[in-house]
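Protein chains: 4
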Amino acid sequence: MSKKIRVGIIGSQFISHIHTLSLKRCAQAEVFAVASPTPGHARTFAAKHEIQHHFTDYKELLAAPEVDMVIVGAPNDVHCSITLDAAAAGKHIVVEKPLCLNLADANRMIEACRKAKVKLMYAEELCFAPKYVRLKQLLDSGALGSPTLLKQSEKHNGPHAPHFWDVNRSGGGVTMDMGCHAIEFFRWLLGRPTVKSVYAQLGTHVHNAKTEGDDNALILVEFANGVIGLAEESWTKLGGMDDRAEVHGSKGVAYADLLHGNAIETYSAEGYDYAVEKAGSTKGWTFTIFEEEWNYGFPQEMAHFVDCVQNDKPPLVSGEDGRAVLEVIFAAYESARTGRKVQLPFLTNAKKPHDLWKLKQ
Amino acid sequence: MSKKIRVGIIGSQFISHIHTLSLKRCAQAEVFAVASPTPGHARTFAAKHEIQHHFTDYKELLAAPEVDMVIVGAPNDVHCSITLDAAAAGKHIVVEKPLCLNLADANRMIEACRKAKVKLMYAEELCFAPKYVRLKQLLDSGALGSPTLLKQSEKHNGPHAPHFWDVNRSGGGVTMDMGCHAIEFFRWLLGRPTVKSVYAQLGTHVHNAKTEGDDNALILVEFANGVIGLAEESWTKLGGMDDRAEVHGSKGVAYADLLHGNAIETYSAEGYDYAVEKAGSTKGWTFTIFEEEWNYGFPQEMAHFVDCVQNDKPPLVSGEDGRAVLEVIFAAYESARTGRKVQLPFLTNAKKPHDLWKLKQ
Amino acid sequence: MSKKIRVGIIGSQFISHIHTLSLKRCAQAEVFAVASPTPGHARTFAAKHEIQHHFTDYKELLAAPEVDMVIVGAPNDVHCSITLDAAAAGKHIVVEKPLCLNLADANRMIEACRKAKVKLMYAEELCFAPKYVRLKQLLDSGALGSPTLLKQSEKHNGPHAPHFWDVNRSGGGVTMDMGCHAIEFFRWLLGRPTVKSVYAQLGTHVHNAKTEGDDNALILVEFANGVIGLAEESWTKLGGMDDRAEVHGSKGVAYADLLHGNAIETYSAEGYDYAVEKAGSTKGWTFTIFEEEWNYGFPQEMAHFVDCVQNDKPPLVSGEDGRAVLEVIFAAYESARTGRKVQLPFLTNAKKPHDLWKLKQ
Amino acid sequence: MSKKIRVGIIGSQFISHIHTLSLKRCAQAEVFAVASPTPGHARTFAAKHEIQHHFTDYKELLAAPEVDMVIVGAPNDVHCSITLDAAAAGKHIVVEKPLCLNLADANRMIEACRKAKVKLMYAEELCFAPKYVRLKQLLDSGALGSPTLLKQSEKHNGPHAPHFWDVNRSGGGVTMDMGCHAIEFFRWLLGRPTVKSVYAQLGTHVHNAKTEGDDNALILVEFANGVIGLAEESWTKLGGMDDRAEVHGSKGVAYADLLHGNAIETYSAEGYDYAVEKAGSTKGWTFTIFEEEWNYGFPQEMAHFVDCVQNDKPPLVSGEDGRAVLEVIFAAYESARTGRKVQLPFLTNAKKPHDLWKLKQ
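Same order as they appear, the protein sequences are chains E, Z, L and D. The first sequence finishes on residue 371 if you use this note's numbering, and the numbering steps up by one all the way, no holes. The second sequence finishes on residue 371 if you use this note's numbering, and the numbering steps up by one all the way, no holes. The third sequence finishes on residue 371 if you use this note's numbering, and the numbering steps up by one all the way, no holes. The fourth sequence finishes on residue 371 if you use this note's numbering, and the numbering steps up by one all the way, no holes.
Here chain E stands alone, though its shape is the one from the complex (with noise of 0.2 Å):
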């Protein structure tokens, strides 16, 4: 049996608790260290998943030499930054989505990890989400015919962390944080055909006071193959995480619901611990997740990266689906202002995608 591959984690809010807790499920992995620069979040974490190792910079962890690679879950600008010192200090990366916050940094990224012979991978776990996997394969079958129409969409009430709401930090809003979902699982749906154009409507409809970011978002994804992809995404949608897709197809068509289908309905007077992420309150009527990160595939999604790293593999999403996700991204807020469908390829200097649609105010 080969050795353990040891992991250090950078970051410890939501999506970093996700990754650590995935990692200790596969057997070759060890998470060995944490690192977070607010004084005392490093050591909290790494109490709390009884992590080795912990640092306030995450250049300390980059030195350690046992840490064969990381996981980058910071806030999205500082994941360039953070990915080509990782490269450079010669660890393996997976980088939370999205990618980063211009195309510059995408191909700086890209660059600098080909060429210190390090893997990367972009962390986009719905293409391990048991649910979909097996929708994949109803499409590749044949079940359904040639695909029609795609539909995916994300929708809760907002974001975990404050710099989410910034958009010099995060680059934009649903549709980068979680329109970037949907674009991904389009192309890996359909084996990644070239994306022809990008049309959206995105609109800031209830969180004005908190962001000038988009908080609700439809976007259409035309395919070379004349496949419409159709994203859905709201910050604004109470009662819990919805995460659902479809397939249409010339035979067939096929509806996946991630969370609220898979649930147990319960009807509680008194409340309980936990129904789903950004549930709200538990008393009354609730659909009663179980196992949310297996269900979501971020178990599946550290093992095979593990897997990737022990054996040499390339990883099933690559740093440039990243930065493809990220060009629809900027050709989306471009659509947004011009209300025109455009053309990719789409090339831009913008520093971030919020930046075109902000041109029209």
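Think of the hints as simulated: they come from the structure by calculation, not from any bench. Any given hint might turn out to be false.
Repeated chains share a single entry, so a pair holds when one copy, or any two copies, can fit it.
[Claimed, not checked] Calculated pairs, DSBU-like style, for lysine-lysine (alpha carbon to alpha carbon, straight line, at most 35 Å):
#1 Lys13 <-> Lys288
#2 Lys58 <-> Lys13
#3 Lys206 <-> Lys293
#4 Lys69 <-> Lys129
Add chains Z, L and D to chain E, keeping to what the hints say.
The following block gives chains Z, L and D in isolation, referenced to the frame of chain E:
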């Protein structure tokens, strides 16, 4: 008790059967006559529904002084001429959707009825579908807060009669045939605010051999109050008719499924008589609907117009509403060609919506 | 057109409102009078429903020659005496379920109506509920093969009026109040074969402080043809009324959910007017029903009996059916005491079903 | 890291494949050998799953000193003898449900394992099914108040292997085969209180030509704490496996559907590879399950026992639990014959459960 309202049915196909069955449930109405140009159709229809009179020329029907009102269920391209004749004959008129082929015709119809002092109802049955009526009550009551996004979709595997495939008779494909439902549904649900812009993605994905009309459509209707309506229509969806709506608001969300949701979940090894409109086979799993017409609101719609005629009330859905829907449809086809959001009001001399899209090819 | 049937409502509580609303939808009926002994109740009821006449003594109502038929919605313990009086007055009669408290009374009621040549309908509305009517059609058509198991359940958190908790007035707990629905539903669905035996498991799990009646019941009805009916009833189920049925057969299976299934799935942060009978709070997730009475079949049931009276037809559900249900209920209580399957016919002189169970304690 | 646990598989049919696939997911286990008496079966099985050793005589497998534990997936009638041999050989043992054919054998098995100081697990996978584990957490947390009624059902159209139809080998029909799941599920969910009484309604409705065993069963388990468990089992249900549970309590209710609920709702005109266990055709509408074994809890169950062996922990489900289930099954068959509620403890010398029912005929 006032005297019964005598009704003339113009048309003898799918929708005319539904209109007749619906009127038969209405104690205040009597179906007096039916007219259809195809030899034998009117006679067969009259026999089946026990209607006293039948004509091959609708003008004979209009000449009958007993007839108080007519229901126009003929193909789209003759809606206008029949309506003009019926108005001239002093009959109250229900016109099946869509109102007619172009805006000039719509103006003529509205004007003719106004001058003749006859009532004109645009037959959008979704405004009478009991589940959708309850949905509107929920929204109006504030249960969902301020609306942000409305969705409505109708999907099946293609129209009943051949003239729908011929854009010269139908005026357009699925956007014209079924998109019209969603557009009026949105307007009605919101209390008929101004439409600000329209964007549409149309395609002919499956039925290219049969039609040059669109068989799949996504239509984004932006209202002046910022609410977005997303209409999703298909003529390529197998497994039976699908009719759903959602209302997303700042304080809640509601999901209404008219057919699939209400159905009896059935497994039959042998199959049986009928599951739902266009279900295909009834072997294996199916979703058996009950009281299909009632669930769509047809009897309620007919009873409403009979009441309007009997008691001199304005119809809930007017000729002006039908015209407004048509304007949105023209804008949708224009948008599909140009890849741009089209602002309203949108004036055009095009003879039919499909013409604006056809310019593309 | 025949003259309208004039109806007298006896009772002014929950079910009498439903009966009245249902009759108002029936063009052939006119609600002529209401009677209720509690001072003021009949007057308020009459005002609310715009009924011309109201009485505190139902005998005055029976004395009105205009009244063609009465609907008895009074407490169970007066069903018999009112029916005897109404028959003596020559009125056609609908008796709300259960028919009465004991078999001797049932015999008297049936005999009295027979002699007086008035029609007697036992008001089992589930035989008119449109989804269940469709379910019966499926079974009758052979879609499901030979039936093996039928299931029906009604569950809510307890009755509307205090007299239900008093077994001396109600005759029994949830088995008497709601089990009666399932028993007649099974008989009707199967074409009323002989009941061979009954087994029941009854308990008072939650409402011991309020009643000595059963608040949860499982009743197994074995038919002569080998089919098993499983009735599941509860007065302790929170979250709104539940009304479901299943038919399992050798060639298929069908699941019909009358309320939850049909509902609009709603999330409301603020709550709203009404979700469904006994829903409790409407904040958070709820299942919003629409046209509740119609879905239960009440208007259809009333229209049916009005038609029976007007056109001299036999009611779909007779006094004999009500008596047969009562016999099964007696057997169920006997079984609950003895822990044995009770064979039918089951003759007993018990004054009410609960007495057979009470012997236990 | 402790050394891997080496596993011997005894059996080569349906359930042994599942056990093997589940063990392959467990990093701490190694499937070392398989034994099956039918010539060629073990070899084919070993080839398919890449297992090093295969035997036609399970005693040779038991003789291998490398084997730490065995999984007995052979027919019911040999569970006892294999277990006794395995215990004598010093192997830890998992016995597939039901534990064995009679109580005397159960006693022998438990005693043999006790004396040999080997662990004995009764393989009730539902106690590991993630949705049901979450359901138990809900109940334990007080979310539903005090339980009143538990329900669990498993339904499909009949067993995989011919020996199930032969009551001499299986011990009984669907009550033995699938009722055992519900019985242990109830015990586990409630923390294993004493069973007070059992009532059962059994029948052979469809498969009379194939078996004298019961093919439909309703079993009422009354616990000492007053909670009722309703088990509903069928070997005649078409359309794919059904596995559901409900918990009704004084403060709430929860509905958990293991398969149908979780599935992708699929329509395929052409059909596809696999929807769910025993689905029949995959044309038309189907409910496509994903990660079926995981959803049932098989990998979790196997990992649990491997952990028990490796770290000397007691199994969650013991031989005593398997015996308790068997006692309830005997009482159920006795009840089905007598039409009476049978009190527990229920001692019997019957050689197999079916014998008690057979006395009837």
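- Item | Violated constraints from the hint list, given by number and in increasing order | Those not satisfied come down to hint 1.
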